[in-house]
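Asker: Going line by line, the protein sequences match chains A and B. Residue 1 is where the first sequence starts when you use the UniProt record's numbering, and the numbers rise one by one after that. Residue 1 is where the second sequence starts when you use the UniProt record's numbering, and the numbers rise one by one after that.
Worth flagging that the hints you see were computed from the coordinates, not collected in a lab. Virtual Cβ for every residue (Gly too), placed ideally from N, Cα, C. One or more hints might be untrue.
[Claimed, not checked] Restricting the straight-line Cα-Cα distance to at most 30 Å, the calculated cross-link-like pairs of lysine-lysine (DSS-like) are:
{"no.": "1", "chain 1": "A", "residue 1": "170", "chain 2": "B", "residue 2": "70"}
{"no.": "2", "chain 1": "A", "residue 1": "83", "chain 2": "A", "residue 2": "142"}
{"no.": "3", "chain 1": "B", "residue 1": "142", "chain 2": "B", "residue 2": "23"}
{"no.": "4", "chain 1": "A", "residue 1": "170", "chain 2": "A", "residue 2": "142"}
{"no.": "5", "chain 1": "A", "residue 1": "425", "chain 2": "A", "residue 2": "170"}
{"no.": "6", "chain 1": "B", "residue 1": "23", "chain 2": "A", "residue 2": "170"}
{"no.": "7", "chain 1": "B", "residue 1": "142", "chain 2": "A", "residue 2": "50"}
{"no.": "8", "chain 1": "B", "residue 1": "23", "chain 2": "A", "residue 2": "425"}
{"no.": "9", "chain 1": "A", "residue 1": "170", "chain 2": "A", "residue 2": "50"}
{"no.": "10", "chain 1": "A", "residue 1": "144", "chain 2": "A", "residue 2": "222"}
{"no.": "11", "chain 1": "A", "residue 1": "139", "chain 2": "B", "residue 2": "70"}
{"no.": "12", "chain 1": "B", "residue 1": "70", "chain 2": "A", "residue 2": "142"}
{"no.": "13", "chain 1": "A", "residue 1": "797", "chain 2": "A", "residue 2": "170"}
{"no.": "14", "chain 1": "B", "residue 1": "171", "chain 2": "A", "residue 2": "144"}
{"no.": "15", "chain 1": "B", "residue 1": "171", "chain 2": "B", "residue 2": "23"}
{"no.": "16", "chain 1": "B", "residue 1": "171", "chain 2": "B", "residue 2": "142"}
{"no.": "17", "chain 1": "B", "residue 1": "70", "chain 2": "B", "residue 2": "142"}
{"no.": "18", "chain 1": "A", "residue 1": "50", "chain 2": "A", "residue 2": "83"}
{"no.": "19", "chain 1": "A", "residue 1": "425", "chain 2": "A", "residue 2": "50"}
[To be verified] Going by beta-carbon spacing under 10 Å, a handful of chain A positions derived as facing chain B:
{"no.": "20", "residue": "183"}
{"no.": "21", "residue": "187"}
{"no.": "22", "residue": "192"}
{"no.": "23", "residue": "278"}
{"no.": "24", "residue": "440"}
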Amino acid sequence: MPESEAPAVDGVVVEINGHEVVARKGELLIDAAERAGTYIPRFCYHERMKPVGMCRMCLVEVDTGRGPALQPSCMIECTPGMKVETESEITKKAQDGVLEFLLLNHPLDCPVCDKGGECPLQDQTMAFGPGESRMVEEKRHKEKPIPISDLVLLDRERCILCDRCTRFAKDVAGDPLIHFIHRGNNTEINTFPDEPFASYFSGNTVQICPVGALTASTYRFKARPWDLDTTESTCQGCSVGCRISIDSSRDQVQRYSGVDIDPVNWGWLCDKGRFSSEAVAAEGRLSEPLLRTAAGLTPARWSDALAAAAKALSAASSSAIAFIGGARLTNEDAYAWAKLAKGVLGTDNVDAQLADGLPAEAALGLPRTTIDELCAPGGTVLLLGPDPKEELPVLFLRLRHAVENDRVTLLEISPRSTGITSLAKASLQPRPGETGDLLRALTASVDADRDIAGVPADRVNAVRALLAAANGPIKVVLGRASLSESVAVTLDAATVLLEARPDTVFLPALRRANIHGALDMGLAPGMLPGRVTLESARDWFAECWPTVPAQRGLDTVGILEAAAAGRIDVLVLLGADPLADVPDADLASRGLAGARTVISVDTLLNSSSAQADIVLAAAGFAEKAGTTTNLEGRVSSLSQRVTPPGTARPDWVLATELASRLGTDLGFTSHVDVLAEIGSIAPAHLGLTAELVASSPSGVLVPGELPAPIVDEEEAAIGDEVSAAADAVDVEVADGASEVETDGGEQAEPIDPELLAELDQAEGAAAQPALVAFSAAPAVVSPPVDSYSFRLVATRKLYDQGTIVQSGNHLAGLAPGTSVRVSPYDFDRLGVEAGGTVSVRSPRTMMMMPIHADAGVARGTAAVVVNQSDHQVSNLVNITDLVTELRIETTK
Amino acid sequence: MARLTAENTELALEIIARYPRPKSALIPLLHLAQEQDGHVTDAAMSQIAELVGVSAAEVLGTASFYEMFKFEPVGRYMVNICTNISCQLMGGEELLEHAESTLGIRPGQTTEDGLFTLEDVECIAACTEAPCLQVNYRYFHKISNPQFDQLVADLRSGARNDIPPHGTLAKVRQRIPADRRAGVVTPEDTAHPVWLASSQEAQS
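Construct the entire structure; sequences and hints are all you get.
Answerer: Written out as structure tokens, the structure reads:
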């Protein structure tokens, strides 16, 4: 694995081109040489995958005491006294020979190849190759290119058989759908006939292909590398926060590529994230505000739209104003909206989540872990949440690597099987609503003597033994395994675990892009920016905000219920689409209809914003700069690469404009101002600066990697010296989680003296509030089992009807649709044909759906996928019920 | 496209049970599929992938390495004529040319009646008997042109019925008595395989 620090222990001294180099024990020669500044050309070797020695390009002369011999440096570990020549005549001859061989059948169609200009084969042929070929024979011809999936095209003529894509598919993604076939004279990469490379991670093969054999259908013939402008940013496809580079040309986003950062994505991306580049310039992007007139939503001037919004807001009392949404925003946007809503308008009816996540007190207040800690060798991970492969795909890759390579024991408790079930040491499927009971049995001091939550006693006891035998803390990926199950069930389960094992740590698995940042910035009822509760931080914020809400407000369900009852005058949707995303569609539509004025701040019209009275056009991803926060609490930068369409503006600008029309100056003239205010008043974020974020490509873990907070005046006075001292000492951090004031070995930034002064002022009056802590949730009483009914399990798929997927030409068609899936046992009992139509009846409504048998669904439960185009299954759910019971009947 | 028949699926499961890992049964199962249909069908490969727990692409990747697995329909009789050095010196190429005119097809093609597929092959390890050929991998040594014509005529007329259809392999269907089984032990396990234990017993 690439790491920059010099080896301190277990060093092995080798001689490379006459210079002594200290390599780590077991380090591959190719890595040691690169670290010492000697680049050895390679095609098949990739630092995140096991070496195979396929391409022979990295042959160098190695002498281990038996005389020099050509050896592939990607397969050789450094041993003491090894003498290596990477530039000798013999090495050069070998490189010439290998390149001439690799080019024998390579078509050299570089002028029409997407890879041309950034092609390792092209570059290394120029740098190390023979210059000309002795080959006069006709080269092989193959059909070019052939689609191996909807997203990836394969040109077999260009392929040099390096095994990178196939190794990735098998070893990293676990989807061995491409393979060498016709091995021998005619070896080629291909899929099985009619079985496409439908992996969620297929785009990575395009990025790691060292030639132009694999190209992305989204980027084909779009741009040339030398035309591209590149900026690093953070993917906003989900809350994992993969580091990406955005390539644009002619002010248009062309593609995203993965950037390798150690704590998060290791260079990988999921296809949804990678190919969401098409969503930036999607058709229907709003380029100007809209106002509802007799003719429907019509384009308006900004001054009119903002005046209309301000008028509606100023006319409403604070308790009749509500904000829903915020996961699309940057941290700065979220803070600006929070300040407007809570600090200016004085309403606490603010919720960034759409009744599909965890309360902020749990997401922010539970003892938290990082991805690196979660995947640390030898640990025990408990999945108590959604399918990571569908919702947080790169977290799935990290977990998969941890289980396959680092002896991590994965246990899964989920009402239906997931993409990670095959990796789990044990997988239990409790009946929806009864997970708490199952965990009580799993953490009990004695074995269970009966079935628990529908799980046989022997399986419960087997997992109980595994949990009891776990070394170190249990690390839990916590989220909503089923959207039709009350969040109380998840909270009960977390409470039980935490009581039984107080050292348990959690990774909150909320799906939406910057949902954790939105919660951090106080876009949740009862919360204020910086992970503090309204109660504890009222005085602290009262000093710098015009006002602070008097009492705790409503969450999304409460807001929608209040709106349906006519008690909400102004409902502001911050990039939210409650109609599509609230698991209870009926409630959402009643709420939207009941709110007197709906203001939508969005990048394009979705089903909810199409019903709004005022639509403010917002700048989207890659069109504005700022910061984002991932599920670990890691703050990393978002960059602007292109200009927003028309006059669309960043959200923080809109919030500031609205505030000024309401008579308050939020005090922001740029997003940097907003971050400066966050860093100076949000308690968890004290010390966070734009410079610190900019200088930390892997992000800054908040609050763990922030400069040590200065909490009392004495220390504040000597703060400059302290930070100067911290500057001088290069502290090495063993893992990202330690609370040392550095970022992965990098130097701490000195604290801004101005900021300290501000802090100082704040200190003078109110004590810094403590960060929110999780308080135990009440136990859930399991609902009685109705043997005629099926309990509904509603889950999400990676590809759905959401904005990101539907805005891209290539992703939109991949949403799979849904059907009701039941256990094969139940399926036989129902007496229907696979694919036959059944009537599905919940207390809410009845709908006709196709039915399939699915061995991953437990008996007595029925699984559906939400937010697909064919059936709006969220109509079935009543969000206030603990679980949703379905009757499934055959139709004649 | 044909999947394995119910009977063959049962046999496939029995074959899988002979190995420590299901994946190890891949090649015998491919033989079974080829025996059933004369060639390995896509449907059979998909089914084998499910049976042994790998992807269909991996099954194809393995199967396509082996020349003797055919993925397109071939004749009932696969005629392989050796043209490697010994046979070439003894008239193998002339024999191939003669076979082409007798059967009316080029190497790689199948006669219209679906009886014969002709192939030229590299050494089939019968150099002392050159020129040689195989029909469905059964040897015919020191073949002259008239002998070849006679062979074809006999196969056509049914006078020779000792050559089973293409793909038939005796070993796939062998029954292994329980006490002769190798025993299902993964290489990581420390337990001795049954056969090793019994041979050690015999030695002591």
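Asker: Could you work out which earlier hints the structure fails to respect and list their numbers in ascending sequence?
Answerer: 2, 3, 7, 14, 23 and 24
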